[in-house]
Structure formats: structure tokens, C-alpha cells
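Peer 1: Sequence:
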Amino acid sequence: MNLTVILDLITAREATAGQAADRLREQITALTADLTRIEGELAALTTTRTTLSALTAAEFTADAPTIASAPYQQILDVLTTAPAGMRAKAICIALDVEPSPNHVESTRAKLKRMVHRNVLTEDEPGVFTLISKRT
4 MNLTVILDLI TAREATAGQA ADRLREQITA LTADLTRIEG ELAALTTTRT
54 TLSALTAAEF TADAPTIASA PYQQILDVLT TAPAGMRAKA ICIALDVEPS
104 PNHVESTRAK LKRMVHRNVL TEDEPGVFTL ISKRT
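In our numbering, the protein residues as written are 4 to 138.
I should point out that these hints are in silico values taken from the structure, not numbers from a laboratory. Accuracy of the hints is not assured; some may be wrong.
[To be verified] Derived Cβ-Cβ restraints for the label pairs, each shown as a range:
1. V118 <-> L58: 12 to 22 Å
2. T35 <-> A97: 46 to 56 Å
3. A73 <-> E125: 19 to 29 Å
4. A85 <-> H119: 14 to 24 Å
5. L58 <-> A23: 26 to 36 Å
6. I31 <-> V8: 15 to 25 Å
7. L10 <-> T35: 32 to 42 Å
8. I31 <-> T124: 52 to 62 Å
9. V118 <-> E42: 14 to 24 Å
Here the structure is a predicted model, which means the values were calculated and not measured. Beta carbons are placed, not taken as given, at the ideal position from N, Cα and C, and that holds for glycine.
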């Protein structure tokens, strides 16, 4: 082999390696942008979780299972008129809330929280009643 052929091979290899390096730099730039965006989203989700945890902890008093917020009080008011209990959809209707699946599920989640806090009982699946006051 002569020197010209070797130098041409080196030049071709340099060009190929340079193109590969350019592609990798572009990928690194794109991945860095993606990583920055996702890290921002994770930070926002962490903040949201912390805020919601603090807000939901304030929904209930520590000593008694008394519900503090207005939506929970409205549900309790409706249930006081229904000694046999009610379903989530019926509670939505009684509260003049559109009984769409989202609203019914949101109400059901509140009802389940109140069952967990021993404010309500769910003796029959999906039917929620007030727990009678202990004397």
C-alpha cells in the first residue's frame, strides 16, 4: 500500500467518525432536553403530592372523625335524611351534581374515606349510611 491510499482511508474514517460524533451530540442534546422536561414534571408531581397530602390530612380532625370540608358536610347532610343509606349516584343527584361517571366516582371516593374514618358504614356494597352516634 502506498501512502496516498492510507491517507485516503484515514480521511474516510475521520469523516465517518465525525458524522457519528455529530449524531451522538444531537442525541445527547435531545436526551438532555427530555431529561430536563421530565425532571421538571417529577418535581411538579412531588409538590402536588405533598400539597394534596397536606390538604387531605386537614379534611379530618385528629381526635374525632369529624369531617371539616364543605363537600363532606354536604354529603353528611344528605345522608341524615336517608336512614336506610344511599348510593353515590343518588347522593350526586340529591346534591344537584350531574351524575356523570367522574362525579359519581369522586363522591364514592369521599364516601369510602368516610367509611375508613368510621363516619359512615357500607354494610351493603355501594350503600352508605351514617354510623349512629355512640352515647
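Peer 1: So, against the hints stated earlier in the document, which numbers end up violated here?
Peer 2: 5, 6, 9
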